[in-house]
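Top line first, the protein sequences correspond to chains Y and F. Heads up, the first sequence is in our numbering, so the first residue is 1 and it goes up one at a time. Heads up, the second sequence is in our numbering, so the first residue is 341 and it goes up one at a time.
Calculated directly from the structure, the hints in this document are not laboratory data. No residue lacks a Cβ here, since even glycine has one placed at the ideal position from N, Cα and C. A portion of the hints provided could be inaccurate.
[Unchecked claim] As a list, the in silico BS3-like pairs of lysine-lysine whose alpha-carbon atoms are at most 30 Å apart:
{"id": "1", "chain 1": "Y", "residue 1": "K72", "chain 2": "F", "residue 2": "K431"}
{"id": "2", "chain 1": "F", "residue 1": "K655", "chain 2": "Y", "residue 2": "K52"}
{"id": "3", "chain 1": "F", "residue 1": "K831", "chain 2": "F", "residue 2": "K404"}
{"id": "4", "chain 1": "Y", "residue 1": "K61", "chain 2": "F", "residue 2": "K431"}
{"id": "5", "chain 1": "F", "residue 1": "K577", "chain 2": "Y", "residue 2": "K195"}
{"id": "6", "chain 1": "F", "residue 1": "K506", "chain 2": "Y", "residue 2": "K103"}
{"id": "7", "chain 1": "F", "residue 1": "K779", "chain 2": "F", "residue 2": "K397"}
{"id": "8", "chain 1": "Y", "residue 1": "K195", "chain 2": "F", "residue 2": "K831"}
{"id": "9", "chain 1": "F", "residue 1": "K528", "chain 2": "F", "residue 2": "K571"}
{"id": "10", "chain 1": "F", "residue 1": "K721", "chain 2": "F", "residue 2": "K789"}
{"id": "11", "chain 1": "Y", "residue 1": "K103", "chain 2": "F", "residue 2": "K651"}
{"id": "12", "chain 1": "F", "residue 1": "K528", "chain 2": "F", "residue 2": "K577"}
{"id": "13", "chain 1": "F", "residue 1": "K766", "chain 2": "F", "residue 2": "K779"}
{"id": "14", "chain 1": "Y", "residue 1": "K52", "chain 2": "F", "residue 2": "K831"}
{"id": "15", "chain 1": "F", "residue 1": "K651", "chain 2": "Y", "residue 2": "K52"}
{"id": "16", "chain 1": "F", "residue 1": "K651", "chain 2": "F", "residue 2": "K789"}
{"id": "17", "chain 1": "Y", "residue 1": "K52", "chain 2": "F", "residue 2": "K591"}
{"id": "18", "chain 1": "F", "residue 1": "K506", "chain 2": "F", "residue 2": "K402"}
{"id": "19", "chain 1": "F", "residue 1": "K404", "chain 2": "Y", "residue 2": "K197"}
{"id": "20", "chain 1": "F", "residue 1": "K831", "chain 2": "Y", "residue 2": "K103"}
{"id": "21", "chain 1": "F", "residue 1": "K397", "chain 2": "Y", "residue 2": "K52"}
{"id": "22", "chain 1": "F", "residue 1": "K528", "chain 2": "Y", "residue 2": "K61"}
[Claimed, not checked] Computed far set for chain F versus chain Y, every beta-carbon distance over 10 Å:
{"id": "23", "residue": "Y376"}
{"id": "24", "residue": "K402"}
{"id": "25", "residue": "P414"}
{"id": "26", "residue": "A446"}
{"id": "27", "residue": "G508"}
{"id": "28", "residue": "D536"}
{"id": "29", "residue": "L575"}
{"id": "30", "residue": "K673"}
{"id": "31", "residue": "W712"}
{"id": "32", "residue": "R718"}
Below, each chain spelled out in residue letters.
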Amino acid sequence: MLTYLIKRVLWMIPMLVGISLISFFIMHLAPGDITNNEAAFNPKASEESRQKLRELYNLDKPVIVQYGLWLKRMVQLDFGNSFAGHQKPVFWQTTDKDGNVTKGMIQEALPVTLMINILGLIITLLLAIPLGVIAAKHYQHWQDRSITLFNFIGFSIPGFWLSLLLMYWLGVMNNWLPISGLHSLNYDTLDTWDKVKDSVSHLIMPVLIPSVTGLAGITLFVKNGMLDVLNQDFITTARAKGLNEHQVVYTHALRNALLPLITIVGLSIPGLIGGSVIAETIFAIPGMGKLFYDAVLMRDFPVVMGVLTIGSALTLLGNLIADVSYAWADPRVRRGVVRG
Amino acid sequence: MISAMTAEPSGLIYMVAGESASAAIASNIFNALLKYNATLDLEGDLAESWKISDDQKTITFKLKPNLSWADGRPITSADVLFTWKSVTDEKTRSPYASDYQLVKKAEAPDALTFTVTYDQAYAPALDSWSGLQILPKHLLKDQDLHTTAFARKPVGSNYYKLDIWKNGENIQLSRNAKSVLGPAQIDKLITRIIPDNSAQFLELMADNIDTMGLDPIKYSRIIPARPELQKNLNLYKELGNSYTYMGFNLKHKPFDDARVRKAINYAIDKQEIIDGVYLGLGINIASPYKPGTRWSNPSLQPYPYDPAKAKALLKEAGFVDTDGDGIVERDGKPFAFEIITNQNKEREKSAVLIQRRLKEVGIDVNIRAIEWASFISRFIKTGDFDVVVLGWGLGLDPDQYNIWHSSQQAPGQFNFIGYNNPTIDKLLEQGRTELDPDKRMRIYHEFSKVLLEDCPIVYLSAGYGLTAMHKRVQGIVNPIPPAGVGYDSHKWYIPEPLRRNEMSAQ
């Protein structure tokens, strides 16, 4: 098991280099650089000043040289500073000589996105597992049909459209929930309990809407897994032993049906980090999706590369965790691994 | 008062940040030497007076006495000199440095005097000094302007000071007790960062923000149709300092022929674009200056919509439909070109209307919309285009040397249409060195006339800037003066009973 782990971790290094190489080239092959952004298309901004900027950021050098420079910094885990106006550190905070701390862009955006997406995933799972089980238990009865219908309505509705409608209904017509943002303006003056209430009320829509629209896939997965398991011999055996239906379904069948879910959750880890541009834009959430999207439009290469590198590192890590937990959960796989 | 903006500033030192979001916040915190008043004439901001020497090369500014920064330290000419030195410094990467680099010598002979000397008279100089926000030397002298923490907790001199900046969420300003221009009426200015326009509008409907910029459809359709919104909101419209145009690549045939350009101009129904794309919230223009200002020549008339004249001009230039397919040809080649534009809905729609009108006079047009950075580097910079639909947003000084002078055609410069007209060149050079406003006005009136006659671009429209403001905000001058809706925002007030609870509770 340990050799397997070490091997997997070492394999991640060439993978990361490969990913960074490809993304670096794709990004730099796209036409334009930071000096072409819309703010710079101003007759008052001179070409000399843009050229100066290009030289400073080494944008005038060949792409392969730029990649070399970038890799050299990366080896020291230096993600650099954003190209945009006031050069915030891309990844982690820096402290200047006067003790002023400037927070890193990813450092600020990642927790927000992670929190929203993990909450969303948990809610999706909490809803999808019971729904899938019910659908499998009552396969092709009205319960199954209405769950499928509900799921596919959720699946087909464009998230941004549902968001805007709910924002209008819950925020404008009725003053039940805040429309956008993460905190109220007077957040800092609230006591702890009100702070929690304030945060929760701001999170309800951004967390729930993607959960509902993402429900279909996982429910179907659980349902099919259950159906497979319910038809197997050991379930018949369990029933023959005289166990009641509840025990058969929840103790024996469900545990086995949930195994493949680990893979699905593992695969969704990159999504947890990525964040959704559309949702973050609509709800005014300063998360990773928005950060990345804006950086691409601005051709802010250090930020783009920072997000991609950290994203791919975490993705590889996510896959590793999924594999390991699979081995932990399923003795058959574990033995296979040990032998291999 | 709570407003909303779509993008967050990267920092509040405008000369290095460069983006409009930064300008919007920083202008509440910092002052320049000069500023524009309601009728767009220059007046003193930090400066009490200024004098131009007889040879027009030296400007002497006298600062108002007893000014101080928000931290209590005095504002002196040393701060001004420091700011000038910073913006022109080799190491400073300011997109707007070029105006200040023309200053040959800058001095601060005493605490209240600041003089600048130019190599030759430079008319846009005064305007440039209304654009440079003066920074405090005592806080910045050993700092790197690009990374200093000052950009996120600035100390300024204007009506407001920064209280809280919550990344990606909001920026909160409060009244600066030491403001050099006296106290502002409204206690707090809060700007929320809401990237999505629809979400902003929902916040406005729910009365969570007091003001936002509108697009034509919200201004003329949605709000008038909803009594509950009309009850709460005042709407304002003002002509912006920008316009949309269709520009020809003058180095490509047949656009080098003025008759062809004019034919196209006559063939396009500009009013149709204004009505269809801007829902009537724009006007037809005949010069690159905001109508109603000093620099705009009132005697000029835009090209009318006249397809018959367009066809006649095309024929004169040699374009006739010989094979009866509805497209005109010259030397056997059909007249076809591609309009490129960036991904901007209004420009794309305008291009579609143009496409249809040009079809009617026998010109076959394709349209392509391209993402901004690719658009600029792949097409504009390389000159690899026939026709563009784009816009110019301009400053208040009439100098447009960078856009029209024949020397400004190198890749990355702004005369990318390749305009080369000796008369225009001469007028632009004169206009740059003439500091007398009346003489200067005549030069630019002549410039606009020659430009209209030569038709290197087709002016499509100048759109109105549209603003919605909650009725609790009072004291806004209506009709809006030329300087725009926000120029005297320090005089606005919110009567006590109308104030927001959550804000007075603090």
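Verification of the hints:
no., hint, in the structure
1, K72(Y) x K431(F), "holds (24 Å)"
2, K655(F) x K52(Y), "violated (48 Å)"
3, K831(F) x K404(F), "holds (21 Å)"
4, K61(Y) x K431(F), "holds (20 Å)"
5, K577(F) x K195(Y), "violated (40 Å)"
6, K506(F) x K103(Y), "holds (12 Å)"
7, K779(F) x K397(F), "holds (17 Å)"
8, K195(Y) x K831(F), "violated (35 Å)"
9, K528(F) x K571(F), "holds (24 Å)"
10, K721(F) x K789(F), "holds (28 Å)"
11, K103(Y) x K651(F), "violated (63 Å)"
12, K528(F) x K577(F), "holds (24 Å)"
13, K766(F) x K779(F), "holds (15 Å)"
14, K52(Y) x K831(F), "violated (42 Å)"
15, K651(F) x K52(Y), "violated (48 Å)"
16, K651(F) x K789(F), "holds (24 Å)"
17, K52(Y) x K591(F), "holds (29 Å)"
18, K506(F) x K402(F), "violated (38 Å)"
19, K404(F) x K197(Y), "violated (50 Å)"
20, K831(F) x K103(Y), "violated (36 Å)"
21, K397(F) x K52(Y), "holds (28 Å)"
22, K528(F) x K61(Y), "violated (47 Å)"
23, Y376, "holds (16 Å)"
24, K402, "holds (26 Å)"
25, P414, "holds (22 Å)"
26, A446, "holds (19 Å)"
27, G508, "violated (2 Å)"
28, D536, "violated (5 Å)"
29, L575, "holds (19 Å)"
30, K673, "holds (29 Å)"
31, W712, "violated (6 Å)"
32, R718, "violated (4 Å)"
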